[in-house]
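Chemist: Sequence order for the protein chains is A and B. Residue numbering for the first sequence follows the numbering used here, starting at 172 and increasing by one per position. Residue numbering for the second sequence follows the numbering used here, starting at 16 and increasing by one per position.
It is worth saying that the hints were derived from the structure and are not from the lab. Treat each hint with caution, since some may be false.
What the hints assert, rightly or not - Ranges of calculated distance between the beta carbons of each label pair, as one might list FRET restraints:
hint	chain 1	residue 1	chain 2	residue 2	range
1	B	Trp77	A	Leu288	41 to 51 angstroms
2	B	Gly40	A	Gly498	49 to 59 angstroms
3	A	Val504	B	Pro60	48 to 58 angstroms
4	B	Leu53	A	Arg469	15 to 25 angstroms
5	A	Pro530	B	Ala63	40 to 50 angstroms
What the hints assert, rightly or not - Among the chain A residues that face chain B by a calculated CB cut under 8 angstroms, a handful are:
hint	residue
6	Val190
7	Arg193
8	Gly194
9	Ala196
10	Gly197
11	Leu200
12	Ser201
13	Leu208
14	Glu326
15	Val329
16	Gly330
17	Gly333
18	Val342
19	Thr374
20	Leu445
21	Ser493
Ideal placement from N, C-alpha and C gives every residue a C-beta, glycine not left out.
Take a look at the letters that make up each chain.
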Amino acid sequence: MSVLRRATVPRAPSPRRSVVGRGLAGVLLSFAVLATLQALTIHPFHPPDEMSHVGYALEVGHGRLPTIETPIPGREIPLLQHKVDNSRPANRTIWTANHPPLYYLVAAVPLRLGVELGHPTAGIRVARLVNVAISLAGLVLIVLLARELVPARPELWVGAAGLAALVPVFVQTSAIVYNDALMVALTTAVLLLIARVLRWGPTRRRLVLLAVLAAAAALTRASGLVVVAVAGVAAVVAVWRQDGRPGRSRAVRAIAAGGAIVVTATAAAGWFYLRNRHLYHSATGTGALLAKFSRLRRGTVPQMLLEQDFWRSQVRRLWDQSPSPAGKNADAVWWCLTVAPLLGLAFAGVRWLRRALPPPTSLLLAWLAGLAVAGLVELGAASFYSLGGTAHGRYLLPALSVLAVAAAAGVAACRVAGRCRSWPRCRC
Amino acid sequence: MPLLTVVNVVLWRRYLDATLNPGQGEHPISYALRVEHLPVWLLAPAAALLAAGLVAQVWSVWTLSARRVLPVPVPVKADRPADRPADPPVDPPVDPLAAYAG
Chain A
172 MSVLRRATVP RAPSPRRSVV GRGLAGVLLS FAVLATLQAL TIHPFHPPDE
222 MSHVGYALEV GHGRLPTIET PIPGREIPLL QHKVDNSRPA NRTIWTANHP
272 PLYYLVAAVP LRLGVELGHP TAGIRVARLV NVAISLAGLV LIVLLARELV
322 PARPELWVGA AGLAALVPVF VQTSAIVYND ALMVALTTAV LLLIARVLRW
372 GPTRRRLVLL AVLAAAAALT RASGLVVVAV AGVAAVVAVW RQDGRPGRSR
422 AVRAIAAGGA IVVTATAAAG WFYLRNRHLY HSATGTGALL AKFSRLRRGT
472 VPQMLLEQDF WRSQVRRLWD QSPSPAGKNA DAVWWCLTVA PLLGLAFAGV
522 RWLRRALPPP TSLLLAWLAG LAVAGLVELG AASFYSLGGT AHGRYLLPAL
572 SVLAVAAAAG VAACRVAGRC RSWPRCRC
Chain B
16 MPLLTVVNVV LWRRYLDATL NPGQGEHPIS YALRVEHLPV WLLAPAAALL
66 AAGLVAQVWS VWTLSARRVL PVPVPVKADR PADRPADPPV DPPVDPLAAY
116 AG
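Chain B on its own, in the form it takes in the complex (with noise of 0.2 angstroms):
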């Protein structure tokens, strides 16, 4: 997903370098914003947006593909009283993904 988001971010280049033909030592996309009355800031939240949502993306995948088990409740430890029984034996904690992997 990142490698593509690449090349979609250079083929945009690409064709407003093509269609525009921005003067030399220009940058098509600058030049663009620019002929169509936008800040060039612009560009810094749009870039900001474009990472959280591949980073959303990424993780995503990520998690579902079962590389990274999803945080489930563990039973904490606690000194026991000296007048409670002990615990009864706890299950080991579930993989909700293990079903959906492979």
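Excised from the complex, chain A in its bound form (with noise of 0.2 angstroms):
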């Protein structure tokens, strides 16, 4: 198969690995010191999802795979029993139960152990650790996929992943038993692979590796879908770039590469979206959950793309998760917050035009998959939203790794910006 060849291109030596190496070091440390103390002192079930996270993992752990009316099993652990005593009757089901059972396969594990020795509650505990430990993972991952997008500039490899790291929906959801935590590991798994195709050259190994985190962020959540697809598009670009045969039969090797992307994703997680299609009448269950919940349609997806509530909702979002607003004053600052990297993204991208030096196709390509990835995900937060679900800034986490790394470069350019005296003329 000559098609997967190995790649040829020698790839630049890592500079000052040891620097990079302990700014990974810091930035894990940080998060999981952040994550642990959170993960430690939020009550269980405290979180809105986390009970129906929690009994879907329990179920999961009984081998009996949920739907979004399967009572929440509160009798396993007399605190969840409390909280769903206290809650009112559309929430005494496992209402996450349109999610695929990845994540729960993984938390059930910690969460039966700890029914089964008795301690419920510390079951819960090391559930919140384990997925603080995937976040770790994420974060390695993030700094791997920087490396990808901007070869050149180490200091944004460490940038991207303490900015992500730091980023408090991030720290939250991955302090508490929710599967985004999950999702943004194998996302930005994806992503990378994704990019040392495109860049590198797609070999067999890349792109078995490909098909498998893609099945698996489809096993996590809806969004995997998302990343699936892209996956699919980026190797048939990749293998069509890379290969040196004739067009047809290079055309042919192509689709056969994002063909086998996509069907081994279906084949994994198909049956899933057609067991919620059954059950739901839709692939992610979408309408069932919100009228459950007798939420009403608020409009169109541009509408809600043109909606400041929506916008103001979802920065909120990303940034605070306490149950009530702080008011317009911390609206303010979350705002600044988002802003500001996007503000260095523009200095960076008017240098760059004045430069025109354009960066490698590849490397374009690379960029282009992650903002797709990006695109479609607040696309999908904005489809939920006018279906009257809630604009929750961890919607947009899948998409954390490139946004991060776009983020570092943004705020590495509004230092340059602020260095610079004769900006917008000069060519720094």
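Taking the hints as your guide, dock the two standalone chains into a single complex.
Modeler: Given below as structure tokens:
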């Protein structure tokens, strides 16, 4: 299978590995401390969806796959039973059962152990710490992704992971029993492989890993379907660009590579989305879920994208998870913190245009793949909001890695702009 | 990064305050630790580790940004014995990060 040839371009040597390594160690240490403190101090089931996620994992631990109408098995954990008893009827069932089961297989192990050993609360704590560990792996992957996306800027490798590790919604969702942390790690791994396939060539090992990880993403959250689609297209493009055969043969091999990724993901996760379709009349189960909570449709997706409330709600929830809003002053702070990297990126864009030094096509394609995931994930969030759902900031987490690299580049460009006296005429 | 760390700690405190409703005058974080049967002194090593992690990050980014040149071996001048010929000219030290700056 010569199309899946070995990469022939030698990689650039990693500059100052020890400096990057120490920076990464610092990122991991800071994140581990912040997330562990939250995992230990946030009372079990205070985060709104945690009791449903725990209920799902307990059911999976028994070898059963719940539906959104399956009662939460509170009798196994007294604290959970207390919470269920004090909830409204719609919240007494596993309403998150429209999610695929991969994360719950992982979380079921500590939760079941805790129940069996008579320490269910300790089981919840351990499940939370497992989530923290998954996020730590995700942060390492972010450094590797940044190394592919900005190869000549090692300070951005550490900076991107550092920024990602300090996004409050990421810290908190990693510290509780939610499935978002696994999604971050898997999406980052897929984006890393996409970047490698596009930049260094589609070897057989890379394509197989890409297919497996994309399938795992599709088995974690519905946004994994977006990741599968982007991975499939990236494989087609990579094989088409790197293969030296004549046109028709090259096209067949390119389509076969992309198709193999989509087929693998469909074989692994398709059954779950078909089950959703059978149970709730949609692949994601969104309609049935929102009907269960009596949510009303707000409008169309384009309308939501133009609506101020959507963006305000999402930006606020990207930072502040508190049940009560902090007020307009806090909102202004969240907007500043979100928009500052964008201004830097705009500045970097102007500099790039003035220099007229286009980066290699493979690098541009790797960026395009990451930004495509970010754009599609945001469209998914807008679609959910348009149907009556909440605009949670954590819905953007699958794109955290690429957004963090972009934000690090933006912040670095802000620093350059701050130092530069003759901007925008300069060519610094 | 230090700013974002402070933001995280403030938001964590706010979240605990909003969800646990500690009594008047009681700090939400110490109250949360007490509720979860954890000693308050746990915060001291946690703060030290957090600070160490932040310092490592900032140092790494600063160093890699080529604001500060890493130490490179520089030949030390020693007294030359009278019978030894003069040393050949030494190349200037190379900035290992120059290629990555900008």
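Chemist: All hints are to be evaluated individually against the structure, with a verdict given for each.
Modeler: To see whether the hints hold, each was checked on the structure:
no.	hint	in the structure
1	B:Trp77 to A:Leu288: 41 to 51 angstroms	holds (47 angstroms)
2	B:Gly40 to A:Gly498: 49 to 59 angstroms	violated (23 angstroms)
3	A:Val504 to B:Pro60: 48 to 58 angstroms	violated (30 angstroms)
4	B:Leu53 to A:Arg469: 15 to 25 angstroms	violated (42 angstroms)
5	A:Pro530 to B:Ala63: 40 to 50 angstroms	holds (42 angstroms)
6	Val190	holds (5 angstroms)
7	Arg193	holds (5 angstroms)
8	Gly194	holds (3 angstroms)
9	Ala196	holds (6 angstroms)
10	Gly197	holds (3 angstroms)
11	Leu200	holds (3 angstroms)
12	Ser201	holds (3 angstroms)
13	Leu208	holds (6 angstroms)
14	Glu326	holds (4 angstroms)
15	Val329	holds (5 angstroms)
16	Gly330	holds (5 angstroms)
17	Gly333	holds (5 angstroms)
18	Val342	holds (6 angstroms)
19	Thr374	violated (27 angstroms)
20	Leu445	violated (38 angstroms)
21	Ser493	holds (5 angstroms)
Comparing the model with each earlier hint shows violations of hints 2, 3, 4, 19 and 20; every other hint is respected.
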